[in-house]
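In the order they appear, the protein sequences are chains A and B.
When the letters of the first sequence are read in order and numbered with the numbering used here, they come out as residues 1 to 266.
When the letters of the second sequence are read in order and numbered with the numbering used here, they come out as residues 1 to 318.
FYI, nobody ran anything at the bench for these hints, they're computed from the structure.
You can take every hint at face value.
Taking CB as the label site, the calculated pair distances span:
#	chain 1	residue 1	chain 2	residue 2	range
1	B	Ala138	A	Val50	37 to 47 Å
2	B	Asp71	A	Leu12	27 to 37 Å
3	A	Ile175	B	Ala138	24 to 34 Å
4	A	Leu12	B	Glu200	46 to 56 Å
We put the beta carbon where it would ideally sit given N, CA and C, even for glycine.
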Amino acid sequence: MSSAVQPATPHLRDCLTMLRRNLLHARRYPSMTLQVALIPVFLLLLFVYVFGSALGAGIGQGGDRPAYLAYLVPGILLMTAGTGSVPTAVAVCTDMAEGIVARFRTMAISRASILVGHVVGSVLQTVVNLTLVTAVALAIGFRPDAGPVEWLAACGLLVLFVLALTWLSVALGLISRTPEGASNAPLPISFLLPFVSSTFVPVGSMPSWIRWFAEYQPFTTVIETVRGLLTGTPIGHNGWMAVAWSIAIAVLGLVWSLRLFDRDPR
Amino acid sequence: MNQTTTPAIEVTGLSKAYGDKVVLDGIDLSIPRGTIFSLLGPNGAGKTTTVQILSTLIRADAGEARVAGHDVREAAQSVRAAIGVTGQFSAVDQLITGEENLALMADLHHLPRAEGRRLTAELLARFDLVEAARKPAATYSGGMRRRLDIAMTLIGSPRVIFLDEPTTGLDPRSRHAVWRIVRELVDGGVTVFLTTQYLEEADQLADRVAVLNGGRIVAEGTPDELKRLVPGGHVRLRFLDPAELDRAARVLDLGLRDEEALTLQVPGDGGVHTLRALLDVLDAHGVAVDSLTVHTPDLDDVFFAVTGRPEHEKVQSR
Numbered sequence: 001m002s003s004a005v006q007p008a009t010p011h012l013r014d015c016l017t018m019l020r021r022n023l024l025h026a027r028r029y030p031s032m033t034l035q036v037a038l039i040p041v042f043l044l045l046l047f048v049y050v051f052g053s054a055l056g057a058g059i060g061q062g063g064d065r066p067a068y069l070a071y072l073v074p075g076i077l078l079m080t081a082g083t084g085s086v087p088t089a090v091a092v093c094t095d096m097a098e099g100i101v102a103r104f105r106t107m108a109i110s111r112a113s114i115l116v117g118h119v120v121g122s123v124l125q126t127v128v129n130l131t132l133v134t135a136v137a138l139a140i141g142f143r144p145d146a147g148p149v150e151w152l153a154a155c156g157l158l159v160l161f162v163l164a165l166t167w168l169s170v171a172l173g174l175i176s177r178t179p180e181g182a183s184n185a186p187l188p189i190s191f192l193l194p195f196v197s198s199t200f201v202p203v204g205s206m207p208s209w210i211r212w213f214a215e216y217q218p219f220t221t222v223i224e225t226v227r228g229l230l231t232g233t234p235i236g237h238n239g240w241m242a243v244a245w246s247i248a249i250a251v252l253g254l255v256w257s258l259r260l261f262d263r264d265p266r
Numbered sequence: 001m002n003q004t005t006t007p008a009i010e011v012t013g014l015s016k017a018y019g020d021k022v023v024l025d026g027i028d029l030s031i032p033r034g035t036i037f038s039l040l041g042p043n044g045a046g047k048t049t050t051v052q053i054l055s056t057l058i059r060a061d062a063g064e065a066r067v068a069g070h071d072v073r074e075a076a077q078s079v080r081a082a083i084g085v086t087g088q089f090s091a092v093d094q095l096i097t098g099e100e101n102l103a104l105m106a107d108l109h110h111l112p113r114a115e116g117r118r119l120t121a122e123l124l125a126r127f128d129l130v131e132a133a134r135k136p137a138a139t140y141s142g143g144m145r146r147r148l149d150i151a152m153t154l155i156g157s158p159r160v161i162f163l164d165e166p167t168t169g170l171d172p173r174s175r176h177a178v179w180r181i182v183r184e185l186v187d188g189g190v191t192v193f194l195t196t197q198y199l200e201e202a203d204q205l206a207d208r209v210a211v212l213n214g215g216r217i218v219a220e221g222t223p224d225e226l227k228r229l230v231p232g233g234h235v236r237l238r239f240l241d242p243a244e245l246d247r248a249a250r251v252l253d254l255g256l257r258d259e260e261a262l263t264l265q266v267p268g269d270g271g272v273h274t275l276r277a278l279l280d281v282l283d284a285h286g287v288a289v290d291s292l293t294v295h296t297p298d299l300d301d302v303f304f305a306v307t308g309r310p311e312h313e314k315v316q317s318r
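Only chain A is shown next, with the shape it has when bound in the complex (with noise of 0.2 Å):
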């Protein structure tokens, strides 16, 4: 038979054209997406205007409102990337309920081209989010010190922690049975992770007991290696641990998605 059957595997024209989809999607809908950037921003303008001079104070190093924004946005950048995981999952699990993937399913289409759609896609707007929120911080006065090459490998590094968590909110979304339950599910990334971690507060003013836990989970390893790139605060073993967290989450949520996107569906 001639007909050309194409093979299972990622195809670059489907996952262009499922990317296309998702971008549609997101243009034509985008209250969610914008919602999930205002929560950073609002934090940021929180935290440096309400609470900015006492915790500057409390950071130490002769700290003052302006010095407690540099140390607060790259925190606030994570933050950023951890509240994108919603929109995320919950675009996932709505979108698998449709019958138009189920239509997909049928078609001699890559089927992983489904799921990396979603991804390049969400990791897109969360790019957008990103830049939206270093706009404002810029707005108020945040003054980092990088040059060109600290620049870039920090937005390359926030790029590949993104690209981790949306793998995983794709997963999250995945084993989600209702777009409520897919909106909860990220819940540690989004707001445990970001808040237990050294975004606000260095983990040295923590008890010992979460010290530990808030000093290593992978938030804190990224949010030091961004703010040594940018502010030039030392970085120490938290730069490979930031880049080791990344890969393995993004492969354990790669995995974990596409079994679960293989299995026969409900």
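Starting from the known structure of chain A, arrange chain B on it as the hints suggest.
Relative to chain A, chain B alone:
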């Protein structure tokens, strides 16, 4: 491979259970190319599960199935390249427009851009969706969505098309539109596998019908063959008093008398000629008939006859 003699769909001993619940209990089917086959059954009979297995959406527990010459388990991607599926629940992307849905399908079939645009425009016109082309599919009526759904299935020129309850929930006008489309499909040489719970639909469209009940095929044949499985048609004469009934029975010397209802049930197909002959005889003898009803067997009779039996015994008519 001989394209003309290999059946479009061939199924042996297909079984599927979810936990303790047996959904398909060993079904066999053989569907020739270029025909419309209808799987008929009540809700929960296993129709959708059958379509899901044959369209590679889910895997069977046991049994073999070949679609367009390919094994659904071993060569799923080859099966997918040959089929088109319109599921029971609308398989369109509700968030984007009808035109974008069709363009999406064209892209996924790797059609050249210009070809995709041409085909999209052609299908929008053919399925009467030109006006709604730029509106989100979520705003479509049930009939429009189903038409879009079928139009999307046609991109990629599938050789076997699965339509799972294509007219469920549609108004009569939309239902007839879908029937017209299905008939046109087969004129183009494709094979259509249609599930329905409407007997009229199977009667209208299908070359062959199988009745699925409790996960088993309980009857199979052409609509006409199936109708022969149940007692034939009859004419029911009603009288105003027992004396007239008496006289009619004596004159005709056949039929089933019902003294209570004052009716006489005369065997016959209810055609114009037999009806006239019958009335002529009664007239000639001055028998006064109050009213008359003609009953022809339809698939409803078959359906209730075969699904009503306590044991799922297969009735094959040849």
